[in-house]
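One letter stands for each residue in the lines below.
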Amino acid sequence: MGEGWGEAIMSTTAMPTNTKWWNGGRSPFNISYGKVMMWYFLMSDAFTFGAFLISYGTIRFSVNHWADPNEVFNAFPFAGHANLPLAFVSLMTFILIFSSVTMVLAVHEGHKMNRKGVEKYMILTIIGGIAFLACQAWEWTHMITGDHKVLVNGEIERWGTTVTKNPWGPHMMHNGEMVSTPGPIAFGGYFFGITGFHGFHVFSGVIINVVMLIKTRLKHFDQRGHYEMIEKAGLYWHFVDLVWVFVFLCFYLV
Amino acid sequence: MSSNVSSPEITHAPEHASGTGRIWKTFWVLSLLTVIELGLGYLLYWKHGQWGYAPVIITKLTIAVLTLLKAYYIVSIFMHLGDEIRNMIMTIIVPLLLFVWFIAAFLWDGNAWRNLRNTDAGSRPDQTEQHQKHVPAVDKDAKK
Numbered sequence: 001m002g003e004g005w006g007e008a009i010m011s012t013t014a015m016p017t018n019t020k021w022w023n024g025g026r027s028p029f030n031i032s033y034g035k036v037m038m039w040y041f042l043m044s045d046a047f048t049f050g051a052f053l054i055s056y057g058t059i060r061f062s063v064n065h066w067a068d069p070n071e072v073f074n075a076f077p078f079a080g081h082a083n084l085p086l087a088f089v090s091l092m093t094f095i096l097i098f099s100s101v102t103m104v105l106a107v108h109e110g111h112k113m114n115r116k117g118v119e120k121y122m123i124l125t126i127i128g129g130i131a132f133l134a135c136q137a138w139e140w141t142h143m144i145t146g147d148h149k150v151l152v153n154g155e156i157e158r159w160g161t162t163v164t165k166n167p168w169g170p171h172m173m174h175n176g177e178m179v180s181t182p183g184p185i186a187f188g189g190y191f192f193g194i195t196g197f198h199g200f201h202v203f204s205g206v207i208i209n210v211v212m213l214i215k216t217r218l219k220h221f222d223q224r225g226h227y228e229m230i231e232k233a234g235l236y237w238h239f240v241d242l243v244w245v246f247v248f249l250c251f252y253l254v
Numbered sequence: 001m002s003s004n005v006s007s008p009e010i011t012h013a014p015e016h017a018s019g020t021g022r023i024w025k026t027f028w029v030l031s032l033l034t035v036i037e038l039g040l041g042y043l044l045y046w047k048h049g050q051w052g053y054a055p056v057i058i059t060k061l062t063i064a065v066l067t068l069l070k071a072y073y074i075v076s077i078f079m080h081l082g083d084e085i086r087n088m089i090m091t092i093i094v095p096l097l098l099f100v101w102f103i104a105a106f107l108w109d110g111n112a113w114r115n116l117r118n119t120d121a122g123s124r125p126d127q128t129e130q131h132q133k134h135v136p137a138v139d140k141d142a143k144k
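So the protein sequences, as listed, match chains A and B. This note's numbering puts the first residue of the first sequence at 1, with every later residue one more than the last. This note's numbering puts the first residue of the second sequence at 1, with every later residue one more than the last.
Chain A on its own, in the form it takes in the complex (with noise of 0.2 Å):
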């Protein structure tokens, strides 16, 4: 804490100790402003997916069947027909873990004026959103194009997995044969569009990381004399990994 400050501001209005941040002259919360704006920012972002997932969880819990994450996220990359549930989504998991660290070392090689260590992480940083954005690319893809014998109306129909075509419902004996039958119409949407909203997050998160990278090799936060863009930066970053560890919750695991 700063002595000197506290002290003079003791000395001329007499306030209370627990009241002197809030007399004028300092950021009351000991953080410039930027970085508050950026932290209200994202807890208006965290409302705005609290909001989705709340409302995929009240359908969810309004129908007697969901689609079973472990049978329809169960494909990896060159793995053919294997059955493979959670291993495709852990590995997305992963690389955003490991992209976040990179981030936090991005942000302490900042703190310490290192301009090539920050360049170095941030780099590492931006491969890997690009990573997990390819993987979500190949998921989605897959979802979309991968069809599945669903019973419709008596007759065997092949459905991919879209806003408006759910083939993940009850399982039943049709000639001899275990098909499926549509499931509610609901899963399609919540899961492109949440899984969407934060690919779109991950997208906008790499575009201002590379802002970040070319801003920093120009020598611009040298000459500003600190590095409080890549922090800021980092925020939404380790915002973006936070989100997708409860989308990982609600549409992957449980």
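Bear in mind the hints are in silico, worked out from the structure with no lab data behind them. Do not rely on the hints blindly, as some may be mistaken.
Listed next, the stretches of chain B that the computed footprint assigns to chain A, with coverage defined by at least 3 CB atoms under 8 Å from CB atoms of chain A [what the hints assert, rightly or not]:
1) 37-48
2) 65-71
3) 83-93
4) 106-119
Calculated cross-link-like contacts (lysine to aspartate or glutamate; reagent style DMTMM-like; alpha-carbon spacing at most 25 Å) [what the hints assert, rightly or not]:
5) B/K47 / A/E71
6) A/K215 / A/E119
7) B/K47 / A/E119
8) A/K232 / B/D83
9) B/K60 / A/E139
10) A/K165 / A/E177
11) A/K149 / A/E139
12) A/K232 / A/E119
13) B/K60 / A/D68
14) A/K116 / A/D222
15) A/K232 / A/D45
16) B/K47 / A/E177
17) A/K149 / A/E177
18) A/K219 / A/E119
19) A/K165 / A/E155
20) A/K120 / A/D45
21) A/K20 / B/D83
22) A/K112 / A/D222
23) B/K25 / A/E119
24) A/K120 / A/E139
25) A/K112 / B/D83
26) A/K149 / A/E71
27) B/K60 / A/E71
28) A/K165 / A/E139
The C-beta atom is built at its ideal place from N, Cα and C for all residues, glycine as well.
For chain A, the structure is supplied; the task is to place chain B on it using the hints.
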């Protein structure tokens, strides 16, 4: 005032640990929590159709608690909220407590809708369990 203080209004910057030990420790904690979550997820998969309502719900709630723990580590260590002063922490955390009501009220409402549908608004007993028994698929949709 050290060189990384970005505004004259900020009289003190949180002490940043000189090493990266804390960051890597948090990485391993997050990885471990994720592995435990995956283990519980696979447990649910293996026990699918064998477990009753209560063990499934307890396992899912455990996974949700582990998720909250991961969220705590990300926000506190990676986003450095734990290093800010108490007023700053409270201005973020207290509004988010609305989620407690938000989640409870809406999931409760969703469940109430299901009961209304299954019983025609209470005019008949709920027989969903008898004729909606889950039958696991034998053939994992052989494609094309």
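Which hints from the list above does the structure break, by number from lowest to highest? The structure breaks hints 7, 20 and 24; every other hint is satisfied.
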